[in-house]
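**Q** Read off the chains here:
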Amino acid sequence: MWRRCLLPGIAGWLAAVTPAMAFIAYVSNEKSNTVSVIDTEKWTVTNTIKVGQRPRGIEFTRNGKFVLVAVGDDDRIEVIDTATQQVVDSLPSGPDPELFTQDAAGKILYVANENDNTVTIIDLEKRVRVGDVQVGVEPEGMAISPDGKILINTSETTNMAHFIDTATRQIVANVLVDARPRFAAFKRDSSELWVSSEIGGTVSIIDPAKRIITGKIEFSIPGLRREAIQPVGIGITKDGKTAFIALGPANRIAIVDANTHKVTKYLLVGQRVWHMAFTPDEKYLLVTNGVSNDVSVIDVAAQKVIKTIQVGELPWGITFAQP
Amino acid sequence: MRSTTVNRNHGGFSLVQYVTCLNGIVWREALRFVHQRERFVSALVRPLVWLFIFAAGFRQVLGISIIPPYETYILYEVYIAPGLVAMIQLFNGMQSSLSMVYDREMGNMRTLLVSPLPRWYLLFCKLGAGTAVSLLQVYAFLLIAWFWDIAPPPIGYLTVLPALVLSGLMLGALGMLISSGIKQLENFAGVMNFVIFPMFFASSALYPLWRVQESSPLLYYVCLFNPFTHAVELIRFALYGQTNWISLVVVFCCTTAFMIGAIYAYDPSRGLVRRGPAGGET
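So the protein sequences, as listed, match chains A and U.
Okay, so the first sequence: first residue is 1 according to the working numbering, each after it adds one.
Okay, so the second sequence: first residue is 324 according to the working numbering, each after it adds one.
Hints were generated in silico from the structure; no laboratory data involved.
Keep in mind that this is a model prediction, so the values were computed, not measured.
Treat the hints with care, as some may be off.
The calculated label-pair distances, taken between Cβ atoms and stated as ranges, are [to be verified]:
#1 A463(U) to T48(A): 46 to 52 Å
#2 G106(A) to F375(U): 48 to 54 Å
#3 I390(U) to T84(A): 36 to 42 Å
#4 T566(U) to K42(A): 18 to 24 Å
#5 E537(U) to T44(A): 43 to 49 Å
#6 T566(U) to Q53(A): 19 to 25 Å
Beta carbons: idealized from backbone N, C-alpha and C, even for Gly.
Bound conformation, chain U alone (with noise of 0.2 Å):
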């Protein structure tokens, strides 16, 4: 066999087989983002009904103030896009989850488990796979977005193409540590009520927190810490070419904690999967 003749590296694998394992994962993401259209047109339709609806009813919410990244005043859907790419990396992270859900459930995960390649290896390249397919929903989403005039200069297109592989990478091994701990797929309208929702709506994401702090002091702190926050920050500043360190720096630990979370709970001798799962999985 191909896999006994080529030299072994990195934990008695070569590199060639490491390749092959990612382009089989990435490659199953890919056929399911292709032939689930109406994920990806859902996947759009959720921001641009934000963008369009929501964002004209509330035009006066940013009142007077310029703040960084931006130069001048702007309009209120220019201010939540960046908001809106990144709830669309949220919705894409937890959507990831709820199909290693249902994975479980259906036993395919067991295929993917019984590779000989590391763990950790399999679930990064599961998160990888779901975060290039957000990157692929969100170019769709701010394409859309510059008929709209919400046109950051040219070179914030490329700019920001690391925080939202960073973002991306955030959001779905946050995905992913949950999905460790639903043991039915029933269970993830839980998920949508006590993650996705919170973490949208306590965060910069739709109003500045200047204005949060106005309303309540306390909001305004849960809304710091909120690393879906920082998420939005780092896309936003990005997008305008510049960079916000602090947020950097939060979105690229919680990243590193999410990941070594989620490589824990996949452990079958330490994880919570050990814990007994439901459905086909046994």
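Isolated chain A, as found in the complex (with noise of 0.2 Å):
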């Protein structure tokens, strides 16, 4: 006991005593057609920057200097010059593009057009569409394999998690996972492959290698019926050690226990929790909360919500640069 009273307490006081860094989250907010800035010293919304029409998916380009945001409505990805926080240029997709991931290099851009049944492939360079790849119906989850040789897309209504070889940019493999799989994240010793899904209630873990599900993961919250509970994001540290679930209109992020699987603890967002990022130095995660409209703050060590804070309207997906 003593020693459950003493960690959170140091860690309280290291905390108070250790000025935090600053990052700043760009948040794509579905309804308002915007992006709210986040600054992490206050806490607060510093900017709106105003975007196309349904903006979702996400994430800043892996030199830091431009935010990309799906705009589905528009069927682009407009880019936003951090410097200026303004849109400043768009890149060609599918029509409808929803989630996307680069390349380690930040050369190739992998789009999910969810009303096409395509994953478009454009060079962030030349800001050209180079190709396109059939996939299955609605595609959404994009993941990369930390060695970049293979893409994972899932498709909501196929069910499948497709395996596509980013040099040949054809689908070598498909696993079948359970109802609306939603979102793809690899560990970064790419050990696993973990693939939510939205009405199937679970997370599958998949062995990249041999391509097959060895577990899943389930969830269960006293006083929710199991219909509630629909995994979407998924945060998992860099040590692989822990991993976070939002689990949509639960309004709860479940914490996992990466090696063993099972749930460790349920935290109380706000309502229909979607998507989240880390901070870079993963002292945070910040979640988006769709129906509430605000983003929660979650202390990564203390394994509690500190926060929450006001954004647009139908908060959907966020992004922190990397360094």
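Both chains come to you apart, so use the hints to assemble them.
**A** Here is the structure:
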């Protein structure tokens, strides 16, 4: 018990005396067609950037100079200059782009086009579309393996995780997962691929080498119907020990021991929690709450929600510049 | 005698005499507290039943609003914890008043009141002793609640102390004032029905006031003017290292008013006790 008392106390004291580094988060607001800028030093919205219609997927470019945001109803990816915090350019995608990912060098962008059953490949330097890969119905989740050789796309209606060879741009394997796969994430050591299934209510653990499901994480929250628990966003710490899963309308973040795949704790956040992003130092995890129009801040070490910040309408995605 | 050799001040009595009196009254309350273990246990069980059982069934009552001093969404258990802390103090205050009625019936009060020290001082010592007992009960509850994931910031356990002292004094003074008007121990059941329950339920202890306002504007104003609401809010804010200034002023003023009322009521030349004590006290 003393250990339990002492450690958070020391951690809290250290947090109080150590000045926290300030980072900037960009949050896409699906309904208000804006991107909110959050300063982590003040924990407030410092700017709101007007973007195209229905912004969802959002990510920093690898060099940290730009933020890319998929504006689905305008069928393009918009480019925000982080220096001026204004939209300065756009990239071509297929119809209704939703989520995307980049290769390690930040030269190629892979975009899931929800209404076209394709993944569009864009050259970020030339800012041109260089190809498409046909995938299942309603593609959404996108992840690239740490070695950059395999691209994962999940298709919501086909209920599959597609393994795409980035060299040949061909699907090399399909893994059937539970209903409505929304998001995919690799562990940094490539040992596991995690895929969340919104309707199935599970997260599938896939062996990326064998391309088979090796386990499933299930969730149970007292007082909530199973249908209300809909896993979507996934965040795995760099050391691969802890994972955070957004459970949508359950209004909870599940904390999972990433080695044993057991849920250790549920944290109450806002309504319809969707996606998340760690601050670059991994001290905090920010999660978007779509229906309550806010972003909750989780202290990663203490595993506590410390604050909730009001943003625009229907916040969807969130990104930090990674060093 | 020792009392004749020390310097006299404070209206004819020395500081040592005042301290001796305080020591005697606090010590008696402490002994009573230690010997009545079931009282301590019941003081803890009551809020814990609310926390473990009642709160489990009312998880959705808070809705989606973030209300100060909280900075994010909280579970219902977290919300009612300060209300249950105040409930401990409310029951303790009333129990102290019950013991005063008992003392009066048994004749023990005469021993206290024949002390040459000023009546207001005796009552204040009694009040302070009761508050100290309530602090022990509250911290024991907060310790158990911590294992139930109700963990305010560590500094909150310190910042809540002055709030607890003030609210404990207010509720104790209220109990004392009420006890002056109760002639027999049997009448104490009325205190439960007419004081404790209405004060507790018509407050922000169990539900936020904006929720009450949604269902009944009249009840909202009743809750708003209930001193217990302000004791709860004072404790709630202090537990998170903040000060609710309105509640602080209300609780302070109520404490003063109840205390003056109790001193007046226990003054044999003017007060309510003169109207004819019952039982053994004559």
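**Q** Taking the hints in turn, state whether each one holds.
**A** Okay, the hints, checked on the actual structure:
1. A463(U) to T48(A): 46 to 52 Å: The hint (46 to 52 Å, Cβ to Cβ) holds, given that A463(U) and T48(A) are roughly 48 Å apart.
2. G106(A) to F375(U): 48 to 54 Å: holds (53 Å)
3. I390(U) to T84(A): 36 to 42 Å: holds (38 Å)
4. T566(U) to K42(A): 18 to 24 Å: holds (22 Å)
5. E537(U) to T44(A): 43 to 49 Å: Given about 29 Å between the Cβ atoms, the range is violated.
6. T566(U) to Q53(A): 19 to 25 Å: violated (46 Å)
Figure legend: structure checked against the earlier numbered hints; hints not met, in rising order: 5, 6.
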